[in-house]
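Peer 1: This is what each chain is made of:
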Amino acid sequence: MEKTQTQKARVPALPDLFDFSGDSVRIRSARCGSCGTYFFPEYHAQHRSGCSREGVEPVLLSNSGKLASYTIEHYMCPPPFKTAENISPYGIGLVEFPEGIQVAGLIMESDLDALQIGQEVETITYALYRNEEGQDVVTWAFRVLK
Amino acid sequence: MREISIVGVGLHPWGKFKDKTFIEIGTVAIANALKDAGVEWKDVQAIFSGIYIYGGNAGHISGQYLESVFGETGIPVVNVYNACATGSAALRMAYNSIAAGEVDTALAVGVDISPEGFLSAKSDNPRQDRDVLRWRMAGMPNPVYWALECRKRMARYGTSDEDLARVKVVLSQYGAKNPNARYKKTYTLEEVMNSLMVCDPLRLLEVCATSDGAAAVILSASPGAVKKADRPVKIAATTMGSALYGDPTLRISALSAPAAAEAPLLSESYSASRQAYKKAGIGPEDIDVLELPDNSSWHYLQYLETCGFCGEGEAEKMLRDGQTQIGGRLAVCPSGGFSSFGEAIGAQAIWQVVEASNQLRGRCGERQVPDAKVAMAQTYGLMGNSGTTILKV
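Chains R and G, in that order, give the protein sequences. Just so you know, we're using my numbering here: the first sequence kicks off at 656 and counts up by one. Just so you know, we're using my numbering here: the second sequence kicks off at 2 and counts up by one.
Here chain G stands alone, though its shape is the one from the complex (with noise of 0.2 Å):
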């Protein structure tokens, strides 16, 4: 198998932007990664774009689009769309053109301006589209789901309303420290609980916002390009993974699910994390810093164990220990996670692998990870899709 690195990274800041299009956002992007990698427009020999769901039909041909932008040359240009592990699956085609030999460098690129407020149904057609059932005949916005269960977490658990706050406490002292967030004020635990609850036991704090934000990043295996980058980083494995049968999750936009579990909660998190480390050859233990799925409290939590880092029930205790902070034993979120920057479904994916890299190479300053060698990025999305990456120095 060849080696294949990231030579260059690229955003462009997360917020709201409703005047700015998704190709004048995905070009900065673009353009910063091309700078950070000193690669040049001609020798990007392919395009694996995120489908942007809400940019019509030049949303759903991002990757034409934003072609154009600095030229075309006549590359594959492909564009694929796995939710919120979109940039997962661009990512993992970018890395896979290049591992079969078809091309040495290449583009991975997300998208997303969100509309305004909660996310909802696309389609009227309730057979095909359960998506239409939850919002018409339940009124089930996307927390919702996550408050379900974290009420189950809680029950089975004892997770505290005090530990849901601290996640955020903890996100936001690194969001502060993020030039690229959308959110940089810092929370005391008091002032988190004291936050409007929104979908009980979840509070406003706890779950995160819609963005707007664009990621792109540069995978070579050219020797050329590897050594003329600024500390490239190694793809150990990037993979994706759905869920399996008797997944008692209550999956976004579902009305129902087994009663007895016969697979893990987050199966579709299960088989693509379980799929890294093999790939990678090492486990959880060897991990230095983790870039997960925060959309809630909840998730933080669900995550850790999910992706093997602690048993059933012991998040709450890592978390109250320190052992999740930049310096403990593993640093989860030091990006800010979503907490800090909101989803931008498209984008966010390869926001985290870009987070990731930048701990791998030093370029973190005041929330830079001590003596970072080994980072994952784990996402999630809607109807049992996921996506994790394991990068190396």
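Pulled out of the complex, with its shape left as it was, chain R reads as follows (with noise of 0.2 Å):
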């Protein structure tokens, strides 16, 4: 079998967090049937006290949402967090989606000086770095929808 036709363009920093096999970033998440409550990532149970914990089913979140927060960090993030480059100063938002969950994650604008709360964002995935294969490690990242 040939290696490179296999070989997949992007591949997550860490699997089970995101979905980018269709046209849009879906945050996994994971939705209890008993009490209601979404979790994130989905192998994190966050259920309500006296809650059976049954019915728990994987969710992909809305690809879109409102800024709830967010905040510029000027100092570059140490190990282990890696990109090919310095990016500060880089935007972290937190992303209120429909579902009911708020979630946090690198925001990607040119101009952080013009995020404002209540924003409508979507999902992305940021290639954070190129690994030895040759493919892009990426992450899921937020960015305005214009």
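Hints listed in this document are in silico derivations from the structure and should not be mistaken for laboratory results. Don't take every hint at face value.
[Claimed, not checked] Computed, partial: chain R to chain G, Cβ under 7 Å:
no. : residue
1   : Val-666
2   : Leu-669
3   : Cys-687
4   : His-699
5   : Gly-755
6   : Leu-770
[Said to hold, decoys possible] Derived pair list, reagent style SDA-like, types lysine to any residue, alpha-carbon separation capped at 25 Å:
no. : chain 1 : residue 1 : chain 2 : residue 2
7   : R       : Lys-737   : G       : Lys-228
8   : R       : Lys-737   : G       : Gly-102
9   : G       : Lys-43    : G       : Gly-102
10  : G       : Lys-123   : R       : Tyr-784
11  : R       : Lys-801   : R       : Glu-775
12  : R       : Lys-737   : G       : Lys-123
13  : G       : Lys-123   : R       : Lys-721
14  : R       : Lys-801   : G       : Asp-201
15  : R       : Lys-721   : R       : Glu-697
16  : G       : Lys-123   : R       : Ser-743
17  : R       : Lys-737   : G       : Asn-33
18  : G       : Lys-123   : R       : Tyr-698
19  : R       : Lys-721   : G       : Arg-131
20  : G       : Lys-228   : G       : Asp-44
[Said to hold, decoys possible] Chain G regions said to be covered by chain R (calculated; three or more residues, Cβ under 8 Å):
no. : stretch
21  : 134-142
22  : 189-202
23  : 228-240
24  : 259-268
25  : 330-340
For every residue, glycine included, the Cβ atom is placed at its ideal position computed from N, Cα and C.
Combine the two chains into a complex, taking the hints into account.
Peer 2: Printed below as a string of structure tokens:
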């Protein structure tokens, strides 16, 4: 088998956190059928007290949500954060999805000063660095919807 | 219930001591506490010690290492870790051991020598340690969490950049007068507002550093020890709280939080403080001195509300009106706070109790709160854990 034929151009930095197999990038969550709570990551359960914890199903969150808060980090995060180059200053957002859960992640915007609470943002992938096989190692990130 | 008092306290000053061991600085704190209490080592009947997580095997049994310095006596030595509330856990266990009648006199101690720079992930298994996720996938050091909450607060209540800077201005005046503080420089509003932006909207001088330090407290219900002590301080309550389901706080290490709040922000601290008020039979209006965990200027403001000292969105007014200063309605962090000391994870909760008890003993010189009768020490910890201690004279 030719390795180049099966090799993917993008691989996630860590598995099971987001899905980019389709047209849009979606955060992977799970919903408890008993208490209704959404988890992220899907394997980190956080049930309501007294819940039977039955009927937990994986779900993909909507591709877009509202910016609930954000910050601009002016210092490069130390390892184990790994990027091809120093990306500071960089944005980090907390996004409220329609499902009722807020998720944090990098914000990819050229003008970070223009960020505002309440903006509609979409989930995208961001290439942190390229691995030895020439693949982009990606994480989820957010971008303002124009 | 037995009446339990703090009969002696001791510190090793806060700073950076990379050439010292946790055993060396812990020894100084314990020796100072024994001397202050006039208690002999043989009279210490139990030790509750904060686990020092960067100290390898020794750090995980810190109490045994510290006991051996003073002489092993066969007493129970228990080591405990609750992140930034580690000292609260040690103190509470010492208190409960005495309250249960198991012993009359116990030592609670906490020690920390922080690694250089940002604290980082301690494991590499993302499925069980979500701390790995926040570092690798999102580049989120601790101040990012505080900045995200701070920005929400600013949008909701109109907190200004000047309010955030004023916290440092006030605390730096106290730190300058505290011989045990690491940072002793005073700052003007302009200087703080011109300091480097670290994690927008938080500036360098509005976020606490990581420090090294050690703190020890000797608790006793022995009438002899209490009588001999210099102005003993009664423990009215020492409680711990965990978070409540539906707390909207994005907790350090988490990457998600519920969008609709079903519980207060910092619900672990809400829980611990409400338990303490109930146990002590008092309310926030009865407190004269408050040591709160001012990891950032946001914490200073938020904790005033979380612990019930004002209503939602009213903390800025308390600060602006001088109500949180010495001589105001409630003296907040007259020690200088984490702002002047920096965080020393395993030690800071006990340090807060030492500072609070020194105020009640009238030992604070130029930063003494006049006529202080009731003091409270409030902590904050990773993954929703918190402790509250209320002291009285």
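Peer 1: Now, for every hint given, state plainly whether the structure supports it.
Peer 2: Structure-based check of each hint:
no.: 1; hint: Val-666; verdict: violated (13 Å)
no.: 2; hint: Leu-669; verdict: holds (5 Å)
no.: 3; hint: Cys-687; verdict: violated (12 Å)
no.: 4; hint: His-699; verdict: holds (6 Å)
no.: 5; hint: Gly-755; verdict: holds (5 Å)
no.: 6; hint: Leu-770; verdict: violated (10 Å)
no.: 7; hint: R/Lys-737 with G/Lys-228; verdict: violated (59 Å)
no.: 8; hint: R/Lys-737 with G/Gly-102; verdict: violated (53 Å)
no.: 9; hint: G/Lys-43 with G/Gly-102; verdict: holds (18 Å)
no.: 10; hint: G/Lys-123 with R/Tyr-784; verdict: holds (23 Å)
no.: 11; hint: R/Lys-801 with R/Glu-775; verdict: holds (8 Å)
no.: 12; hint: R/Lys-737 with G/Lys-123; verdict: holds (16 Å)
no.: 13; hint: G/Lys-123 with R/Lys-721; verdict: violated (32 Å)
no.: 14; hint: R/Lys-801 with G/Asp-201; verdict: holds (23 Å)
no.: 15; hint: R/Lys-721 with R/Glu-697; verdict: holds (21 Å)
no.: 16; hint: G/Lys-123 with R/Ser-743; verdict: holds (24 Å)
no.: 17; hint: R/Lys-737 with G/Asn-33; verdict: violated (45 Å)
no.: 18; hint: G/Lys-123 with R/Tyr-698; verdict: holds (20 Å)
no.: 19; hint: R/Lys-721 with G/Arg-131; verdict: holds (24 Å)
no.: 20; hint: G/Lys-228 with G/Asp-44; verdict: holds (15 Å)
no.: 21; hint: 134-142; verdict: holds (count 9)
no.: 22; hint: 189-202; verdict: holds (count 6)
no.: 23; hint: 228-240; verdict: violated (count 0)
no.: 24; hint: 259-268; verdict: holds (count 3)
no.: 25; hint: 330-340; verdict: violated (count 0)
Checked against the numbered hints above, the structure breaks hints 1, 3, 6, 7, 8, 13, 17, 23, 25 and satisfies the rest.
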